[in-house]
Structures are given as structure tokens and as C-alpha cells.
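As you go down the protein sequences, you meet chains G and L in turn.
Each step along the first sequence adds one to the number in my numbering, with nothing skipped, and position 216 is 216.
Here my numbering runs 1000 ahead of the position in the second sequence, where the first position is 1.
Heads up, some of the hints might be wrong.
[Said to hold, decoys possible] Covered stretches of chain L, as calculated for chain G (at least 3 residues, CB under 8 Å):
| # | stretch |
| --- | --- |
| 1 | 1145 to 1159 |
| 2 | 1234 to 1244 |
| 3 | 1304 to 1313 |
[Unchecked claim] Computed from the model, here is a short list of chain L residues facing chain G with C-beta under 7 Å:
| # | residue |
| --- | --- |
| 4 | Leu1112 |
| 5 | Ile1170 |
| 6 | Val1221 |
| 7 | Val1318 |
| 8 | Ala1322 |
| 9 | Leu1323 |
| 10 | Ile1325 |
| 11 | Leu1327 |
[Unchecked claim] Using 20 Å as the maximum straight-line C-alpha spacing, the simulated SDA-like pairs for lysine to any residue come out as follows:
| # | chain 1 | residue 1 | chain 2 | residue 2 |
| --- | --- | --- | --- | --- |
| 12 | G | Lys230 | L | Ala1322 |
| 13 | G | Lys230 | L | Arg1217 |
| 14 | G | Lys230 | L | Leu1323 |
None of these hints come from the bench; they were simulated from the model.
For glycine and all other residues, C-beta sits at the position ideal for the given N, C-alpha and C.
These are the residues of each chain, in order.
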Amino acid sequence: MTTAQPPAGSIRAGAPFSRGRSAVAVRGWLSMREVQLVLVTLAIFAITTVHDSSFLSSGNISFLLADAMAVAIIAVGQTLVVLTRGIDLSVAPTMGTAALAVGFLAQNHNLTPLEGLPLAIAIGAAMGLGNGVMVALAGIPPIIATLGTLAIYSGAQGIVAHSQEVVTLPPAYFNLGNGDLVTGVPYLGLIGLAVTVMFAMMLWRTRFGRSIYAVGNNAEAARRAGINVKRVIVSCYVLCGAIAGFAGLIFLAHVGSADSTTGTDSNIQLTAIAATLIGGSTLTGGKGGVVGSYLAAIFLEVALAALVDFRINPIWEPAGVGVMILIAVLADPTTGRPSVRTVLRSLLQGHGV
Amino acid sequence: MGCEGMSATLGSSIASRNRRLSTDQWWMAALFSLLIAELLYFSIAVQGFWGGGTGMLDQSEYFLDIGIMAIGVGFVIFAGDIDLSCGAMASFVGIVMAELWKHGVEIWIAALIAVMVAALIGLIHGLIITLFRLESLLVTLASQFILGSLATAIGGGYPPYGFPGSFSSIAGTGNVGPIPAQLFIFAALGFVALLLVHRTAFGRSLVLLGHNREAARYAGVNVSWTRIRAFVLSGLFAGIAGIVIAATYNSVRDDLGDSLLLPAITAVVLGGVDIFGGRGHMAGVLLATFVLGFLYQGLLIEGISQLTANMVGGGVLVVALALKIGLEQRGGGASFSERMRLRFARGGPP
């Protein structure tokens, strides 16, 4: 059954002119999006370090990793939804509402991060359930349903905020959000890694994980194979929401403040979707994985920091993200769409579209 | 897909045509009663909402920009695509116009050039989407980022403001007799859109390919070119919306149009256009603009925050859609997965 195969990892057939088995293996490895992302990120590090040696300092690495984690964790949840051929635009207010709720309780009642954890996840899961019900049961297209809930949940966040802000938090949050386990390895980076590995294992090793790929590849075939498609889709939205809620706690710990527009003001949902797409998942579902999304979030963070280091005006950051989405999709040879070279050739030869 | 599949699809499409016509009319009647009900409610319950006939018309200046953008997105949604870049496009166009004007170009020429730039960007969207067979969602999402940066870069921290009076009154807040000038612009654009979608070969191709891309291809429709034209129109209308916003506020900002995207898509969907493409009527979009616009106005005058008003708007979007999908499925329309299959019949995923 092709639908339940793990993504990307396998070497594709072809490459008839390769010189030997090792060459094929290397090309196979290089065509994996995860490997590409690690290599490109390292290359950016190398180039930027030549320009400015402080870029490689453990302090900077630690900051970049911790700073990327809110997006990385949201992108992990987003990936689950994208794998089912869905999308969730409402993760920004989901994250913001969880951050606000935990933040208020921490500010006024000394709630510890560990006590805030179930609250953040529960808020996120509840919002995710709303999305899941609308998509799977009411049959509303995901993009429209979550565009609607983006507005609805933003309003909910405004109501929770009640014109107040979270500004002072117990020191435990600062330690969690900006502390290092050892030099250069921030707690947040490890937490993000743990979340990613957990969901990667779920996708690759469990029946539920495989059914997500099956639903994304061909919902009708999945249904006939005995998979409860609606339940899988609802579960993915609930998980996506829960993970976004968790990211709210991470964001709160890292940034140390929250208000009525936290999340939506920086359009974090779009950055997370960008990370998901750059990580190799496709909007047509059934292809991709959470490891790519995690790495892509770190890649985005490093690339944008490098831009700043080269004194490029930060106003170009969004444009950089947009261009990287396009490059990432066009550079994916496995989707069966025409390559840049094919398109240019057919245009030059006058065959048209 | 074999011959049987084709004829079955065609058959059901013809059979549902008669029924669908009445669905469209039924939906419009519902929208119209909703508009009346909401006007009545706000006039009675909210102090300062009812401003007499002309006062009501004047209020439309606060939301007709949404309608103009909605018409543009409507073309794209008819074809079964989506354009997420409209909001950023409107901001970008406003900035381009203002900068041209600051550098000595006559304001109307500047506006014209800026709108042409928007149409050109729409053309680029269409070309990228059709040539590389990318999802429109993805390309316009990326474009939204890029246009945002461009607008900030061109406009700088303090974009120009204070346009000539004739400009801000004709495209913005001026009146012709008791009727706001903006309403004339909207009516003219709406009329053109109605003709384009429902009275031309282009419109028929657009609706057909939104309904079933494969069938459109067999019927000799140039699918790519039709989709590209829809994106050009979307860019064009978003550009005009950008000019109207700039004139209304007599200033521009690099994110002035961004918040219009959600209401514009809401207006299209509320207007009864099928989000999968291929069904609906442009008149519904025009009507829905007023339903949604007066809803926002009523709530804002009532003293509800913008955030909460948006929340109500989002709720309207979701409820309207759930209602419509429920009705269609009960009426024997194709199910969600069936229509996804039709849409992605060719060149799509396995």
C-alpha cells in the first residue's frame, strides 16, 4: 500500500547514469528536504560567520534556537493538518489566547509553567476541536473555516485580554524561555526537539500516524480501507490546536509578555505555514513530515538573522519568507509538476502553457 | 476516469442546473431579508445608526472598498482558485500611487499606473500558478509576504498624505447630489463584473472550469488562460480598492488594505459563490457587501470593538457556509470529497 509509506526517506527509482551505488545513495540523501535544510542552514552559518565571527557564538546560537521554537512547534502541529490536505490559519490567536490565559494566572496568582501546561494545551485543544468539527463534520473547506475562526478566536483573545496586558511574570518563566541546559543548548530548543520527535514517531510508527498519510493521499481509499476519515481529520485539528496552545506557553516564557494581539500581530500563522511548506509538506496532503517543519523553522530564523547581520533592512524579512516558500516548492522534484527548466524550455520553443 | 464517469458527471451537472437556479434565487432572497432585518434591528436598537436615506447611503463609504475587493476575489473563486494577496495588493497600490504623486506625477495618472501595476502582478500570479501548476493558495500567500515588504520599502516610515481635493472627493468621500461618489464607482464596477461573469464567453468558461476543470478542457476552454485572466482581474480590482481606500482616508499606509482580505472573502462566500468554484452569482456578492458592511457599521456604532466586530463577521462566514453546504447536501448535491475529486481530477495528487 503506497499511501502509508513514510515520507521522503526512501530513495526514488531512476538515476540511470549514476556511477555507482554510493553516488546513488548520496543523491538520494541530498534529495531529502531535511538534509537540504540542515546543509543550507550550516552554509548560512559558515558564510555569516566569515562576515561576523560573533554569529557563531554560543549565546547567538542559543538565542536563535530559542527564538525559533514558537514557530517550530506551531509548524509541527500545522504539518499534521496539512498532511490531511487541510490548513489551519487560526493557530495565531490559539497561541495568543493560551499565552494570555497562562500569563494572567502567572502574573496574578503565581501559576508555575508546569501548572500552566495543561491549561495551555486544553485551551488550544478546545479551539482545535472547533476547527475540526467545522471541517470534518460541517464540511466547510479548511481555508475558509479557519479564516473564519482566525477572526473568531482573535475576538476571543480580545475578550480574554479585557484591555489588559501580561507584563510581569515569575522568574521561572524567564529561566525556561531564555535559559540554557548547557552552553548553546537552550531548554526551548530541546523541548521543541522533544515535541518534534514525539510526533515524528507518532507519524511513522503508529497506526494513527499512517492513517493521517492515508487520508491525505486519498480520503476515499482510506475510507474504504476502514479508516474513520472524519475522526482522523478532527484529531489532527485538535492536536494542531493543542500544540499551538503549548507554543503559547513557550512564546510567553521566551518573550515574557502577552496582550490582546499576541500572535496575530506578527502573523505567526503565516510564518508557521511557510515553515511547513519549506519543510517539504505539500498543501495537496499526504506528503511531508514534522522533522522538516522543525528544521525549516530553524532555517528561517537563521536565514533572517543572517540578513540582519549583513545589514539588510529587516523590512525585507517577509519578502524573504515569501521567496523561500516559492523556492522550496519549485525545488521539490517529487511532486510531478514541471520544473523551472522544463517550463523555460517550453516557453522558449513556443509551445506555450 | 472512463466514459461512464464523464457522462454521469455531465448528466448530474445538467440535472442540477435547474435546481441550482432556484438555489441561487433562494439564497439572494435570504440575503435580502437578512439585510432588511439587520437594518431594522440596528435602526431601532442602536442610537445614531439610522441617518435617513442619504445618511444610510453615506455610511456605505466605510465598506464599499470591501465590496470592490470582493468582486475581484470573486472572479478567482468562481474559477475554483483563491487569492490571499488582495489585502497586501491594495496597500501596495496605495503606496505606489502616493509615491508617484510625491515625485510629481499627476494624481489620476499615478492612480492609473498603480492599478496597472496591480493588474500586472495579478498576471504574474496567474502565470506562475498555471505554468508551474502550483496551488493558488501557496503562490498568493508568498506574494502577500513579498508585496508587504515592497510596500514598506517603497513607502518608508512616513508615506505621503494629503492628496488633491478633487481626487479624495471623487474616489473617496465626495457626493454627487445625495449619493456618495464611491457608490457610483462600486455600481459601475459591479455592473461590469456582472456582465463579465454572466454574459460573456469568458464568464462561461470561468464558471465551467470552476465546476469541473477536466470537462472545461474537453469543451475546448483554454483553462490556463482563463485562470490567468481571473487573477489579472483580481489584481485589478484589489488595486482599485487600494486607490479608493487611499482617497477615503486621504493617506496611505503599508498595511492599510491588509484587514480587508477576510471581509472580502466573507462577502464572496456569503454572496453564495461556491468556494470550490463553478456556482453562484456575482449579484449575490454585491448584495452580501451591503449585508456585511451594515453589520460591521451597526456593531461599530453600537460601540463594539473592531476585534469583536471581526469576530461576528467570522461567525457569519462560518455559519453561512455550514448552512449552505448542509442545504446542498440535503438537496442531493455532490459531496465534499466528490467535488474535491472533480477539482483535482487532472494534474492533482493521487
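Checked hints:
Judged by the Cβ-Cβ criterion of 8 Å, the stretch 1145 to 1159 of chain L is covered by chain G as claimed, because 7 of its residues qualify and three suffice. Given as covered by chain G, the stretch 1234 to 1244 of chain L fails the check, having 0 residues with a CB less than 8 Å from a CB of that chain where 3 are the minimum. Closer than 8 Å: that is the beta-carbon criterion, and the stretch 1304 to 1313 of chain L has 7 residues meeting it against chain G, so the requirement of 3 holds. Given the 7 Å rule on beta carbons, the hint for L:Leu1112 is violated: about 26 Å separates it from the nearest Cβ of chain G.
A cut of 7 Å between beta carbons decides the hint on L:Ile1170: the least distance to chain G is about 32 Å, and the hint is violated. At a threshold of 7 Å, the smallest CB-CB gap from L:Val1221 to chain G is about 13 Å, leaving the interface hint violated. A least Cβ separation of about 4 Å between L:Val1318 and chain G falls short of the 7 Å threshold, and the interface hint therefore holds. With a least beta-carbon distance of about 4 Å to chain G, the hint placing L:Ala1322 at the interface is held under the 7 Å criterion.
A least Cβ separation of about 9 Å between L:Leu1323 and chain G goes past the 7 Å threshold, and the interface hint is therefore violated. Look at L:Ile1325: its Cβ gets to within about 5 Å of chain G, closer than 7 Å, so that hint holds up. Taken as an interface hint, L:Leu1327 does not check out: its beta carbon lies about 11 Å from the nearest beta carbon of chain G, beyond 7 Å. A distance of roughly 16 Å separates the Cα atoms of G:Lys230 and L:Ala1322; the hinted pair therefore holds under the 20 Å criterion.
At roughly 32 Å between alpha-carbon atoms, G:Lys230 and L:Arg1217 are farther apart than 20 Å, so this suggested pair is violated. For the hint pairing G:Lys230 with L:Leu1323, the CA-to-CA distance comes to about 19 Å; that is within 20 Å, so the pair holds.
Violation of the numbered hints given earlier is confined to hints 2, 4, 5, 6, 9, 11, 13; the remaining hints are satisfied by the structure.
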